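Okay, here's what each chain looks like letter by letter:
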Amino acid sequence: MALLFFNGNRKIEQNMNFIFDAGTVLLATIRDILPILLLIIGFQLFVLRQPIPQLRRLVIGGVYVVIGLAMFLIGLEKALFPVGKIMAAQLADPTLLGGKKIALVDWTSYGWIYLFAALIGFSTTIAEPSLLAVAIKAGEVSSGVISPWGLRITVAIGVAFGIALGTFRIVTGTPLYLYIIIGYIIIVLQTFVTPKKMIALAYDSGGVTTSTVTVPLVAALGLGLSEAVPGRNPAIDGFGLIAFASLFPIITVMGYAQISHWFVNRSLKKNSQGEKNEV
Amino acid sequence: MDGKLSSGSRNNGELIFRVFLSNDKKQVVMSSNLIIMLNKLWDSFKDLLPIILVISFFQIIVLQQPLPNFVEVLFGSIMVVFGLMLFVQGLEMGLFPIGENMAQALARKGSLSWLLIFAFLLGFSTTVAEPALIAVSAEAAAIAAEGGLISSTQESMKSYAFGLRISVAFSVGIAILIGVLRIIRGWPIHYLIISGYILVILMTMIAPKEIIGIAFDAGGVTTSTITVPLVAALGVGLASIIKGRSPLLDGFGLIAFASLLPMIFVMGYGLIIF
Chain A
1 MALLFFNGNR
11 KIEQNMNFIF
21 DAGTVLLATI
31 RDILPILLLI
41 IGFQLFVLRQ
51 PIPQLRRLVI
61 GGVYVVIGLA
71 MFLIGLEKAL
81 FPVGKIMAAQ
91 LADPTLLGGK
101 KIALVDWTSY
111 GWIYLFAALI
121 GFSTTIAEPS
131 LLAVAIKAGE
141 VSSGVISPWG
151 LRITVAIGVA
161 FGIALGTFRI
171 VTGTPLYLYI
181 IIGYIIIVLQ
191 TFVTPKKMIA
201 LAYDSGGVTT
211 STVTVPLVAA
221 LGLGLSEAVP
231 GRNPAIDGFG
241 LIAFASLFPI
251 ITVMGYAQIS
261 HWFVNRSLKK
271 NSQGEKNEV
Chain B
1 MDGKLSSGSR
11 NNGELIFRVF
21 LSNDKKQVVM
31 SSNLIIMLNK
41 LWDSFKDLLP
51 IILVISFFQI
61 IVLQQPLPNF
71 VEVLFGSIMV
81 VFGLMLFVQG
91 LEMGLFPIGE
101 NMAQALARKG
111 SLSWLLIFAF
121 LLGFSTTVAE
131 PALIAVSAEA
141 AAIAAEGGLI
151 SSTQESMKSY
161 AFGLRISVAF
171 SVGIAILIGV
181 LRIIRGWPIH
191 YLIISGYILV
201 ILMTMIAPKE
211 IIGIAFDAGG
221 VTTSTITVPL
231 VAALGVGLAS
241 IIKGRSPLLD
251 GFGLIAFASL
261 LPMIFVMGYG
271 LIIF
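Protein chains in written order, with the working numbering: chain A, 1 to 279; chain B, 1 to 274.
Treat the hints with care, since some could be wrong.
Straight-line C-alpha distance at most 25 Å; calculated BS3-like pairs for lysine-lysine [claimed, not checked]:
1) 46/B - 85/A
2) 243/B - 109/B
3) 243/B - 196/A
A few chain A residues that don't get close to chain B, going by computed Cβ distances all over 10 Å [what the hints assert, rightly or not]:
4) 23
5) 68
6) 107
7) 153
8) 214
9) 231
10) 260
11) 270
Just so you know, these hints were derived from the structure itself, not from any lab.
Small disclaimer: the values here were computed from a predicted structure and weren't measured.
Ideal Cβ positions, reconstructed from N, Cα and C, are used throughout, including at glycine.
Using the sequences and the hints, build the whole thing.
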């Protein structure tokens, strides 16, 4: 199938290797998909005792899933992982940052990395379809107080700040758990003052931001950066960007909920003086 | 692809019969499928578009040098877009509708134990197949091998990556189970989340520091393409059936558990193997 497009000007040996790799990936993929299929079919037949509706669609869909996942994983290996690492290496290159060939230890020299991290975080989050779905639901829950666009921008700012702070942490080599603990404390404090309706939604918004395409790229960025900055160990410092990307949206969304409720309450109080409003 | 299809349908005589009968309809279905596929293709391209824009901005304006291995990267990106398109399309054709119906049917059936078993297995099986998790755990294994934490043979890297995925999948299973219990019993979410945070912090103190980064990341990695739609369907389906629960309010929150528990379990995994 798609393997045929890959003939190009590569050596036949590499091509054979690639086909072999693709075969392995395909087999592994089938193994990965198997549990869901067993679960759905098993429950349908033995617990609910109903025939499987539209079996043909399920079979074709299953084939799509397996081939699609295998292609995605191969493409990841060829595109997203290398690009993340290359970008990190190039943006942390001493010749770009001030022209001197010495190893940089000062965190202020890595401005481009922070900007790159923030932009990747912001742009991928704004375009994230599952966030859009959640944002529309949130608008309904809050009866219009939370606007879908406001929520999307809030979450995107949270992710952008999170990933940028994450790269700062890798550059400085400060321990990850300190940031996480401080983040947790802020979230716990905010939980007590946020309108109850918004709490579950805010917690969820941390999880939905990081899409299947973004996660590998951001992970590779962190690993590449920890290899490029002198004195950092990828095993200890390389991870953590995704953790930040799922932590900070919770804080910004709760903040947004508090601020918009405060504004709505204030304008309501002005409109109907003396009358008490329920939140 | 065609070969696979026919070998799949050979096992099922009824299926061939049905395909044979509905040859005319097939034409119509095919063309509407094509439109859906093109839509999906555009959708998964949109996932990649912001990344392309940001990277080209940096390559052209800031770095002013071409990306090395440009052809390979381009080829890989095309694979990513097409792969994701097929993957999502396949899920929506078969698994999602059945999974959603099943979640609702089980909720209506009223058997708590089956519902909890289903919740656990759903969390487990969708996480095992999650593309981002497969990718990141393989990368984590390579890094651990480079750092000398595990021996750098193919086999030990594979078993480390597999162990990571299994512990994450197991924890997501438990998380969905707890989340479903919460919806049924109506426990307030923030107590559960806050006690989860406390557990995370306690684990951080005893876990080996090489596992902490990947453990924190595991929380965000788990919840993407497959898990979110099915789990959300389960939550919303449940909340709409149980009296006194609002689907919009109680339906949320499952994802939050699914991104919290993996941190705890992966740190536990690190305690065992390092």
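Here's how the hints hold up against the structure:
1. Between residue 46/B and residue 85/A the CA atoms are separated by roughly 22 Å; this keeps the pair inside 25 Å, and the hint holds.
2. With a C-alpha separation of about 15 Å, the suggested pair residue 243/B and residue 109/B falls inside the 25 Å cut-off, and the hint holds.
3. Between residue 243/B and residue 196/A, the direct Cα distance comes to roughly 19 Å. Compliance with the 25 Å bound is thereby established for this hinted pair.
4. The claim that residue 23/A lies off the interface holds: its Cβ sits roughly 13 Å from the closest Cβ of chain B, which is beyond the 10 Å cut-off.
5. Not every beta carbon of chain B lies more than 10 Å from that of residue 68/A, the smallest distance being close to 3 Å; the non-interface claim is violated.
6. With 10 Å as the threshold on Cβ separation, the claim that residue 107/A sits away from chain B holds: the shortest Cβ distance comes to roughly 19 Å.
7. Once the 10 Å rule is applied to beta carbons, residue 153/A is consistent with being away from chain B; the minimum gap is 14 Å.
8. At the 10 Å boundary, the C-beta of residue 214/A falls inside the reach of chain B, the nearest C-beta of that chain being 8 Å off.
9. Once the 10 Å rule is applied to beta carbons, residue 231/A is consistent with being away from chain B; the minimum gap is 14 Å.
10. Even its closest Cβ contact with chain B, about 17 Å, leaves residue 260/A beyond 10 Å, as expected for a residue assigned away from the interface.
11. Chain B leaves residue 270/A outside its interface by the beta-carbon criterion, the shortest separation being 29 Å against a cut-off of 10 Å.
Comparing the model with each earlier hint shows violations of hints 5 and 8; every other hint is respected.
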